[in-house]
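With the hints as extra help, turn the sequences into a complete structure.
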Amino acid sequence: MLHRLVLIVSLFLAGASLQAQGFLTNRSTLYALTGTSGANLSQFNTLLKERGQLPIPNRYNSFGLGYQARLNDFIFGLEVTQHQSRTADLGMHRFQYRTSRALVNLGYSLTEEGKFQLIHYLSMGLGYMNVQMLPQVQSKDLKTFLKDPGQGFVLREHDIQRGTSNYGNFLTEIGFQISYDFPIPHRKEALEIIAKAGYSFSPFENGWDLNGISFDNAQAGAFFRVGTGISLPDRNFFYKDATIGASLIRGIHFSKPEKFNSYLKEQGYKTFEGRPSQLGLRILGETDGFLYGMDVFNVALNGRASSTQTHSLNSLRIYANVGKKIFQYKNWGIGGLAGLGYGNLRYSLLKDQKPDFPALLDQRNFDGYLRKSGIFLKPEVHLEYGLPMTKGKLFDLVFTTSAGYEQAFPGFKLGGISMNSYQSGPFVTFGMGIRP
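Read left to right, the sequence shown gives residues 770 to 1205 (the working numbering).
Below 30 angstroms or equal to it, Euclidean Cα-Cα: the simulated DSSO-like pairs (lysine-lysine) are:
id, residue 1, residue 2
1, K1120, K916
2, K884, K1093
3, K818, K1123
4, K912, K1182
5, K909, K1147
If you are wondering where the hints come from, they were derived from the structure by calculation, not from laboratory data.
Now the structure itself:
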């Protein structure tokens, strides 16, 4: 996945450099967005109608993090988004679905460089889907849960709870973006307000079938999203160190769920082996040596729980980072970052074999999970090397290494069991990306 993305980026930017012999402008932007879309789960709603139930609400909400680079009129971007449906109560159970997408955006600006931008773009990427029906009141005690984990059903396609590298199935979006810059007093950056409208879809029929029912529409629909972010327009700076870059980061966390494993073993389940893996996205900006940005990544363990079950222990973490570059020599740089973040922890215990719909609606008790969320803090040291990729130094291919310590605050408890040995600890990450 990493090599394919870097190849796409390099080819795109190389093409842009050939077209931009009269290079005049560039822009890079970090932003967050939220919005709404429609999705009619027609096959599933038909099953509900046959049982005298009301249909599932046909709306889902979206939120995410994005990066965009403009080189003359060419646009390149990355987005990671989460999409979550409204809940629907079916008897004593609650139905909900959620999806996430990792997309590469390629586009063209229909306006000249200025405070107002109008962009037409096409997105291509991969996704994940979770469809669940679980009790409205779920078990919160680990011992009770492990004795009877079959609370409902959880269906997953390309299960990123087992790690981000499990993303799959081709997804696309097409749309328009408008944005406007507002100056920030005494700063080179601008505050950018963004609105996006378009249509997302899964181009391959039956790409998201789960237990005999199509959930393709959960990955499709007309959308409208709004957002805000920090932008570095070319007109605002005249020094080389003002930029925003994006990197894929892969890391090792030196932590283990030791106490959690002991409870699994006591109840006759297999324990988690090895150390958790990390794969995610880092967007890092720099202005006059001041560093700022965001991280989003998964920390995951998975394996067999028994001869008939699998389990995973996953933590999604989102950080806001600030820091300072303390040393710069040619293409080398060293800095320090401090991050404040939000993260969750989800333990899933899933049965291998479940019947297809409609029998699954009548025999629901197969799977379950426990969930907890909280705040994270992390200091880290950041080392980078920027390799210019064109004669005009249009963009750099950036290699990074970071080392630091994550601390969950306050201590995480999942099912009443302390998870500090898994959520807190030292880490090392390696990254590769681009920086205009």
